[in-house]
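Make the full structure from the sequences, and use the hints.
Sequential numbering from 61 applies to the sequence shown in my numbering.
Watch out, some of these pointers could steer you wrong.
As the list claims (entries may be wrong) - Only pairs whose alpha carbons sit at most 25 Å apart, straight line, appear in this in silico DSS-like list of lysine-lysine:
| hint | residue 1 | residue 2 |
| --- | --- | --- |
| 1 | 161 | 98 |
| 2 | 161 | 111 |
| 3 | 98 | 84 |
Stated by the list, open to error - Label-pair ranges, simulated between beta-carbon atoms:
| hint | residue 1 | residue 2 | range |
| --- | --- | --- | --- |
| 4 | 109 | 138 | 16 to 22 Å |
| 5 | 81 | 174 | 51 to 57 Å |
| 6 | 77 | 116 | 21 to 27 Å |
| 7 | 87 | 117 | 19 to 25 Å |
| 8 | 87 | 113 | 22 to 28 Å |
| 9 | 149 | 173 | 33 to 39 Å |
| 10 | 170 | 74 | 56 to 62 Å |
| 11 | 117 | 174 | 33 to 39 Å |
No wet-lab data here; the hints were simulated from the structure.
Even glycine gets a Cβ: it sits at the ideal position worked out from N, Cα and C.
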Amino acid sequence: MARKSGEVLKNRYAYPSKITMMAKLREVRGLRDSVAAKVAPRLGVSMATFKADVLPYLLIMFRQGDVERAARMVVSYDLTEDEVQYLAGARAREIMRAAEKVRQELRRGARAEATVKKKAEQPQERPAEKKGQLTLDLFGVPSQGASEAKKEGRRRSSRSSR
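See below:
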């Protein structure tokens with residue numbers, strides 16, 4: 061009837077737009093939550109605090125900051141390519157390449173450390189040592205004979221008893 065009279069319906073029924081928007085952004089929320097789950101415990105903050113206070117700075121660091129620093133963060137926090145894409149946007153490829161270089165450097169460093177540890181663990185040959193008691197003769201001081209030392213000891217003990 062309303063259409064016949066030329067009136068426009070003001071109450072249109074549609075699926076709630078908020079639910080539609082939330083469904084579209086589910087993947088983005090999942091990436092944000094996975095980044096928060098990896099980084100927040102290392103920073104000692106809750107996930108809610110991370111999302112509210114730290115994440116905006118992290119986004120700026122990845123999108124406008126130094127690529128090397130971002131790459132070291134990727135390696136340190138063990139972020140996936142999708143998470144880096146979320147954080148870095150258009151710079152994700154560049155940061156992932158730099159992260160791979162950082163990983164290679166770490167592997168080289170780990171190999172070098174392992175080599176140094178192996179060398180340190182191997183027993184080193186020591187020169188043969190003379191066995192026996194060291195005396196003052198080695199330093200140019202003549203040692204007292206055994207009988208002189210006994211007499212000296214008797215004299216001291218007799219003096220202390222007086």
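Violated hints - listed by number, lowest first: The structure conflicts with hint 2 only, although it agrees with all the remaining ones.
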